[in-house]
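Build the full structure now, drawing on both the sequences and the hints.
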Amino acid sequence: RSFSQKVTLSFRDVPLSRVLDEISRQTNVSIIYREDVFHTRVSVHVRNSTVEEALEACLRGQPLTYRIENNSVLIQERPSPPGGPLEGKVVDERGSPLAGVTVEVKGAQQAAVTDDKGVFSFTSIDPDATLVVSYVGYQTEEIKLRGRSFLDIRLTPSTKALDQVVVIGYGTQHKRDVTSAISTIDTKDISSRPIVSGVEALTGKAPGVQVTVPSGTPGGDLSVRIRGVGSPNGSEPLYVVDGVLTNDIRGLDPGNIESISILKDASAAGIYGAAGSTNGVVMITTKKGAKGKAKIEASTYTGIQQIVKKIAVLNNQQWLDLETEIFGTAPTIPSYYNLTTTNNNWQNLIYHSAAQTGANVGMSGGSEKGTYYLGVGYLTQDGIMVGSNFDRYSAKLSVDQNAANWLSLGANLNYNRSNQRTVPQDESAQNGGAVIAALVTPEYIPIKMPSNAPYPGVYGYSSFYSGDNPLSDIYNNTNSTLENHLLGDAYVEVKLPWALKYRSQFNIVLDNSNYNYFLDPYNNLYGITLQGKGQNNSSETFRWAWDNTLTFDKTFGAHSINIVAGTSALDENIFLSSQSGTGFSSNAVQTLNAASAQYSISTQKFEWTTHSYFGRFMYAYKNRYLLTGTLRADGSSRVGSNNYWGTFPALSAGWKISQEKFMQNVLWIEDLKLRAGWGATGNLPPYTVLYPSYTLLSAGASYAYSGSNVEPGVSPGTQLGNPAMKWESAHQTNVGFDAGFLSHRLSVSADYYYKKVYNMIFTQQLPLTTGGLVTAVNLPGYDVNKGFEYSIDATVIHTHDISWDVTWNMSINHNEMEGLDTAISYQTGGVTVGGSKAPIYTGLIKNGYSLGTFYGYQALGVNAATGNMTYSANPTSLGSALPKYTFGLGSEWRYKAFTLSLLFDGVQGNKVYDETRMEIENLTGYNNESAAVLARWKNDGDVTAIPRALDNGTTNATAAALLQSQIASNYVENGSFVRLRNATLGYAFDPKVLRRLELSGLRIYVTAQNLFTITKYKGYYPEINGFGQGTNNQAVNAGVGATLMALGIDNGAYPVARTYIVGVNIQL
Amino acid sequence: CGKSFLAKTPESNPTTGNYYTSAVAAENGLTGAYHDLINGNFYMYDNFMNTDGRSDNCFVNGDNVTAEHPLENFTLTAANTNVQRDWQEMYQDITAANIILDNVPGIDDPVWNGTNRKVQILGEARFLRALAYYWLVTEWGACPLILTTTNGGNYYPPRDSVSTVYAQIETDLKFADSVLPVAPYNGEYGRATKGAADALLAKTYAQSGDYTDCLSFCNKVINGGAYSLVPNFANLWGLANKNNAESIFEVQFTGTGTPYANWGVELFAYVSSDGWPKRDIGAWDLVRTFKAAGDTLVRYKTTFNWQIANASFNMPSGAWNADSVIPFMHKYPDPSGFNSPDNIVVLRLADIILLAAEANNQLNNTAAAIGELNQIRSRAGLPPTTAGTQATLGPAILLERRLELVDECSRWNDLLRADANGYLNVVDLMNSQTDVYGNNLNYNVAADKHQYLFPVPLQDLQLNKNLTQNPGY
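Residue numbers (the working numbering), protein chains in the order written: chain W, 9 to 1076; chain R, 14 to 486.
Warning: the hint list may mix true and false statements.
Which bits of chain R does chain W cover? Going by a derived footprint, with three or more residues having C-beta under 8 Å, they are [to be verified]: (1) 36–48; (2) 96–104; (3) 461–474.
Derived lysine to aspartate or glutamate pairs resembling EDC-like cross-links, with alpha carbons at most 16 Å apart [to be verified]: (4) R:K21 / W:E615; (5) W:K301 / W:D194; (6) R:K21 / W:D579; (7) W:K613 / R:D461; (8) W:K301 / W:D123; (9) R:K478 / W:D829; (10) R:K21 / W:E580; (11) W:K114 / W:D136.
Derived by calculation from the structure, the hints in this document are not laboratory data. Using N, Cα and C, we set each Cβ at its ideal position, and we do this for glycine too.
This is how it looks when you write it as structure tokens:
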């Protein structure tokens, strides 16, 4: 029988008893239940339903049923289906427990939710049931029980799922709605790789993003290029960490990174306008707490780093043979050297296996009211070159508070302190570079000079040339840099009526650096001459920025609108101080209070500001047609005072074809979206020009009248003001598509871009009739990058026990300078060779050439009759350091609890200028040389690539000079490589074991970085850029101090290491 | 926040826009312009090689084979880095002066009330500008005349004619003459004075061939009473004799570290303990000339320091037998390891007296010329001249200038005037130079005389398409 009364209910998250009482009240039907059964909270919405319908609605999913007896309703436990209990645990792809996962029994009204440890249970379940396991952000799994009473379920993130949220400027967006070129980076392996700098996580992961490790110096800077070289002034992207704009992320411990997305085209980056986004924007979100039980995650690793290869050099006898050939007679070796008994292998003496250890602990938790995250980290990295190391201590605190329904506020602080000791590199041996010194110091040179030598006890030197041995370069002096970095923000967010949200965020970046140098007064001749030297450089950079935004987000029927409008103000103050002195009475006290002579002091202050207005309009119609428009107006003190402001618009559109009716029957395409956009972004070169409007005078120009009356003076400086200097601006067109096939097992994304940089800012040398002034100008001409990039993500196999995922990305980029004054070229990439202090320029910026072009003579081979290298009559382009292709390949296999992941990356079509070979294959002088010169020409008719030993200055001065000091193609090498960047084998412990250990997750792994590299490059490592930061690039026609792009130069850079690591991740 | 938030001014550099607001700033700017005289290579170093080294007086003998030897061998090219830096330094000096001339007139400081210091500052700046143009126009000929800091925004000026440049030097110096004091302001030697302006004016007129005006300004200097010949030639030189009675304008040094040390001296003077190949070694022809003139007393001894060379030599082959004693320059005698306190003498009375003699002779005032010539000979301990006609006096005065002014950056311009006045041909003179053994030094000065001028630096030709090169380069 049934009831005729109608029931209307609307409850949200209330105790079941309350709902039943209401049914009873509306119908006068008595409902009998046992109080203790009804802790369950339910939500129910029914209108004019029958009593039965209402009861079913509120008991749905509950282990309860009802029975009607005599106008009464009896609520009772549902009879158990036949079968036993089931317990299970759900973990993510890394083995971390997932809380809140819904586990439903297919076809039955049975369900469970996992707890904080990822555990769920059913008291009784059909042994043949199929479980449906679902969780937001992960692929839904169906699992046949097959009689098991325990299940270990691993969910795979739905990276291809279109509900993935990406972080964009001043907001987030569903990936499915993105109309611009944005790459998201998989950051899950940061915790299982020895990553020192966060940007390493970008390597090989996204198309059009090239990360280079310019040297193996522990704690050294990395270089990131997004879609080629955006400006000859610099190519590093803008970093935005939790909304804080910064030029680098040295202040960030990579262990605290939650997600990274890269805004590549103008439409995406345009919201950051002129803050440096010509080169793309790397958006980083750091870890935050989540509501729920407190979680603790700890990870630690340790391992060793080794040099990848060594370069064969001559032994003492081979050296003597070479010298005899060079000079016609054997050199007279002073008696305090011994060619028979002293055989120092300098590379073995300076390179060693070096330890690297890291540890991170993160604690997080929170409630409805607020969340917190606290992370601490430690890293110590010994360098593979003795005497170099890097230590870092870091702390991160993040607090978010929901003060009221309408008000939330919070703060993030990232702090770290690092200590880096470097060894001299990127220099010839005569100028103190240890890497080259290890190659050119003959093996008979002693480590310390013997008692019968002049200056006994000092580090070994050659009596023939002015180079010291590499241990001397390393231990004669100390180069240590102590840095403190603080990066943080505080915000308040207010929900307003009419779907409006106001957010105000205050950001700070505080970098503090203290460099100390001490040259020992006893250990080498230079130190003895000066009686030691001490130097201290300290700097503080403090940046604050205040962002205020108003967001409107609402859907009206088929129309979705999201509007952001805001302002931003930024102020950076730089303080530099340096002091030095000589004349130390001993090496016991190394601080400058012990110096007695040649004092030099200087302090300097700089300040720059920007002020911006920006807005973005995102519109979607029928979730099918998408439009994004951005407009940003930027003003900066770093632009000419007549042109403080620049305006940068961008527009992009997307069409989700797969949403169209005509696509509904094409079942194999889940998703297909076309994207197109155009936009402008602004750029300012890094700090080379801070006050372009001003004609600077130089203080400190004193004069001693009468040879004694010293009076202060001010004389012309070197900069002529140019108030008309405008913003450098990049116009970029982007066309692409995103597609998902076969239940998103396969997704493809591809983009074509054309980026043209206008008004390139150069510090231009004016005619000498100005007295040699430089001025900042907008160069007539364009830096053009065009390219094609694509990525493919595939889930090849996906079963409960086995999965295989593959990701592949590739980009093709072509760079060319267009429209430059054809009569003017700019030399870049100055290298010092041998004892010379004057740089020889390897590169040329010239109309029609790619940036990074090497320019010099073509080596046409060794003349078999004379043994001299033949060179082309005129210098010419020798190829570019910019790769034609870059690619990355990631593959991950999982078998049960084991995971093996490999990451390959590579570049093709780039050149490296191997200056090191100019030092070790110069076939003259008294330095040691590469074993390659054993193949040198010796007799008429010898056919070889190596010319004869050359007596510099007499027999063939021209050939010798060319070989030693001209940029030539015989030192330009193919820099292409493919390497296994990372290989990791991990094992996640079984939940049963974990329960015994009272852990919720435990994973151990072994990993290898740079396990192998396939390359033709003859030096230590092809991925090199001695001038990553553009130093030593003073260029003819460019101003003094102008730093222009110089790439791919091996001037004796610190070799990149191979690393083996074991590590463990623990979750409580 | 508006425009003021963006208008950031440099904190570690003064700017032309904000600095010149007071009398103190004006004085500091002027001091900075003097500082430019010691903050480069020209006065301490290059000018000696450009003039005495290039001429028949000295062998350049530098160890910078690429940049310095072409001065000696007349193989200069537009790419020569010495020529380039000298051109640039002269224009730096001009820019320093122009900044003062542009900005100081607008300063109104009560400190100046009742004084003419403000206009004196302008006068001193004009002198410094004229001095730079004097070297530019005599070494390179026509050159761009830049008279304001920004040259009206035209940074790519063409060359102005030689006569235009001379006219500007005259204008500047006449202004300086009209406003500068006879004694240096504040008693500070090293500042331009009326006498310095007049002396440079005399030299400028002489070089431009205007002997009438040259003479009148020589006489102004000679008769002004501010300067007198130092009785003993030996007492003109060295630390003890800086800013002596005969001195008209000297570049000042204290010898105590940068920027007050005259490091140039170390590159010229003999030092027993260092290994520098010294510049401006006396030429065989110069030594022979001293001896032929019977001038082997005080001037000879003061000019040369005969020593056995202790360093490698880059002299023309066989110029001297480097194993025996050779004549190092000795007018700047205190090398002090790159920390010399020696001033550089730019203008002194003996130069002006001999110039007056030259002018008088050219203007047919033979008697006056003889008197002035003998004044200098007498101080050097030499008998009165035997020359008595304009034709014989011309070479006699040239010879006297040579012996009196060795290593004072005068010889090359003296030769060019003598060439212009028909006393000699510099091409023939230089091509006939021999070494100690009588072998020709093969200087190969071209008959077209193009080597009389320096080439315009290549870098500036590339940077400024409106510049033209001197013929022959």
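List of violated hint numbers, smallest to largest: 5 and 7
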